[in-house]
Amino acid sequence: MAVADPGFDLALAKLTPERIEQVINSVLSQAVAERMKLFLKTCVHCGLCADACHTYLSRNRDPDFAPVAKVRDTLGVMLKKKGRVSPEFMKNAARVAFIECGGCRRCSMYCPFGIDIATMIMTIRRICSLLGMVPQFIQDTTNSHSATSNQMWVQPDDWIDTVMWQEEDAQLEVAGLRIPLDKEGAEVMYSVIAPEPKVMAQLIANIAVLMTVAKVDWTMPSADGWDNSNMAMFSGDLEIMGRIEREHWERALELRVGKMVMGECGHAYRGAVYDGPKWLGWQGPPLPMVHAVELYYDLLREGRIEITDKLTEPVTIQDPCNIVRGRGLHEKLRYVVHALCDNVVEMDPKFEHNYCCAAGGGIINCGAPWKMARLKSIKIKATQLKKTGASLCITPCHNCHHGVVDIIGHYHIDMRTSFLIELIVKQMKIPEGLGV
Amino acid sequence: MSTMVNFVSGPLVWIALVTFVVGTVVRIVLMIRTIKLDKTVLPAMTVKHSLRSIFFWTLPYGSRSMRTRPFFSGLSYLFHLCLLALPLTVMGHAVLWQQAWGIRWWSLPSGVADVMTAVVIFAGGIFLLRRIMSPEVRNVNTWRDYVILVIVLLPFVTGFIAYHQWLDYRTIIILHMVSGAVWLMAIPFTWLQHMFMFFFSRAYMGSEFGAVRNARDW
Ligand code: HEM
Ligand code: HEM
Ligand code: SF4
Ligand code: SF4
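If you read the protein sequences in the order shown, they are chains A and B.
Numbering-wise, my numbering puts 203 at position 223 of the first sequence, and it's gapless, one number per residue.
Numbering-wise, my numbering puts 117 at position 124 of the second sequence, and it's gapless, one number per residue.
Read the hints as simulated data drawn from the structure, not as lab findings.
It cannot be assumed that every hint is accurate.
Stated by the list, open to error - Distance condition first, Cα-Cα at most 20 Å in a straight line; then the derived PhoX-like pairs of lysine-lysine:
no., chain 1, residue 1, chain 2, residue 2
1, B, 29, A, 163
2, A, 163, A, 239
3, A, 17, A, 62
4, A, 17, B, 32
5, A, 21, A, 60
6, B, 41, A, 21
7, A, 290, A, 409
8, A, 330, A, 359
9, A, 17, B, 29
10, A, 60, A, 71
11, B, 32, A, 409
None of the values given here were measured: they were computed from a predicted structure.
Taking the hints into account, I'd like the entire structure generated from these sequences.
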């Protein structure tokens, strides 16, 4: 079924075969593409990667959704035809690359050669971005990054205003609480993704409560760079991707903080630790970088917060690709969840082998036109969720969170979702003297 | 006929061996040059994580991927074991080497080698069927893939027939030697290069997962 997306359709009208050929060949002559060609030569066409991919499994094992087939139909053809492909071909390749693969890298764990399908798909997105053939919604977030340096057109005064508003809200929990903006030399710079001030502001109050109770010396920047999300990384606009990450890190360096702590988001983490530094030619992040899950883990281990209430309902855990397959945080995540919940029912498979939520990798950001395609491609997660029988799914990642919310809505699963921080602030002890 | 036999058991073997060795070396050199083009790859690789990945992916049932399909993985393991061991340890080959260079070489009892040859042929047959019957595999296979599989199997089929002296021995042994030569020469030029690429791609992915991202890849 054809989906109307102005990002594709307007580009289709403008693209010429010459332009396509030129862009494809300029991208594919670069080092990354050379590496991809090596992988393609190694592939024995055994199809073992098919069973790894949620889109293939969810779409009644339609062979065209197997990772190897997706690459063959896109990058494979571009290489074979040396870039001489039609605008229609590019439109289909863009659909596959943006909607039917989120770069979750699960297939690389099932291919006996570890062939890097995700990087190949991201290479196609790069080509699409240079051709201006990007789904409209995600292109809009990239434009927002370019103009405002955050993902959701949040204006500078809006950001500060929201922080102050959340400070007031948090004061209802903890007396005299402050959210220290621009505190030089703080131990921790905390960063959020732009949807937090835009639509989920209470998460900012929550983290403020946690930081205050745990007596963490923390700060947030008031200036651009406070947003750690990076949709340009997924739309293929690597120039903007790099700019965003540099700004993010520059804020931390200016504030001379000891480390950066990233809220519960997976892709933001990936951008700040891997993709950003790599593009910028840095060896790695300039400061230690800690995901919220690691912060909670440390605070619990060190006894800086005390959990007094534990959930007794059955709870399951969504392992986000970018912090589990991409960082190995699953054990720490378990530690935190078990501190909060008595009855944890694991998904099968779990840890690095968990299925992606099909929202990450920029897919959910491709917006409304593609929502049904996305939900169709993630039926397997619905089955997996149902099988746990849990009434709550913990999702320590914004994309997973929205992805799972959509899945349980669409497939009528009796389940809620929650970030860890929401549980922590509800279930931890507010010490005497801090309470109101 | 005997000049034919002389050619296929003499110069052709040399041509095949040289093509195989030179082709493989050139492939590896080109690959390393390609990898160096991207300055971020080599610094991110570690010996520990490379070996860890290779270890779990060569260990029988070492990865979850293999465990999810026990029959195929077991068969593939036996297939590769026999396939790699046979050319070096078949009695018929040892005899030829001794004649040619006077090298004495350990060789398998011919009954065992015969069974192993049958295993390779059987497994190869299953792989061929799987490639034809499984929609997700058929979808990405072209005539090239089937030809490659046939090239892989032919020396075993002809060697097997020769050993049992079924058809005309001379014809079969010539076919065997020719198909054996093609077998060797095909390795660097088709996806049979996975024979050595396996170790590099695993090292790369093992490091990507292990060293860079602190996760397991098996
Ligand atoms: C290229 C030069 C080759 C020559 C001159 C050669 C020669 C021979 C000879 C003389 C035999 C003994 C047949 C008998 O017992 O009467 C034999 C058997 C065999 N050869 Fe080769 N061969 C060559 C390549 C290969 C290759 C590349 C492979 C495998 C990939 C191979 C696999 C076998 C096997 C498996 C047998 C034994 C079959 C059985 O015992 O059932 N040969 N070969
Ligand atoms: C050390 C050397 C080698 C290693 C580590 C290796 C590894 C692998 C792996 C991991 C696969 C993937 C799928 C599976 O498990 O079947 C595979 C498939 C295959 N290999 Fe090898 N291989 C080696 C040498 C060879 C050689 C020398 C040949 C033949 C010339 C060969 C022929 C094949 C074939 C035909 C398949 C496809 C099986 C199918 O249809 O699925 N391999 N190999
Ligand atoms: S969605 Fe994940 S498993 Fe599927 S092809 Fe993309 S990276 Fe591979
Ligand atoms: S599992 Fe790996 S080698 Fe097999 S078809 Fe998929 S990408 Fe190719």
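Hints and how they fare:
1. Between residue 29(B) and residue 163(A) the CA atoms are separated by roughly 43 Å; this puts the pair beyond 20 Å, and the hint is violated.
2. Restraint check: the Cα-Cα separation between residue 163(A) and residue 239(A) comes to about 13 Å, which is no more than 20 Å; the hinted pair holds.
3. Distance check on the hinted pair: residue 17(A) and residue 62(A) sit about 13 Å apart at the alpha-carbon level, within 20 Å; holds.
4. Our distance criterion of 20 Å between C-alpha atoms is met by residue 17(A) and residue 32(B), whose separation comes to about 17 Å.
5. Between residue 21(A) and residue 60(A) the alpha-carbon distance is near 12 Å, which keeps this suggested pair within the 20 Å criterion.
6. With a C-alpha separation of about 26 Å, the suggested pair residue 41(B) and residue 21(A) falls outside the 20 Å cut-off, and the hint is violated.
7. For the given pair, residue 290(A) sits about 12 Å from residue 409(A) by alpha-carbon distance, which is consistent with the 20 Å threshold.
8. Simply put, residue 330(A) and residue 359(A) have alpha-carbon atoms about 17 Å apart, close enough for the 20 Å limit, and the pair holds.
9. Taken as a hint, the residue 17(A) and residue 29(B) pair is honoured in the structure, with Cα atoms around 14 Å apart against an allowance of 20 Å.
10. The suggested pairing of residue 60(A) with residue 71(A) holds, with an alpha-carbon distance near 18 Å, which does not exceed 20 Å.
11. Under the criterion of a C-alpha separation no larger than 20 Å, the hint pairing residue 32(B) with residue 409(A) is inconsistent with the structure, at around 50 Å.
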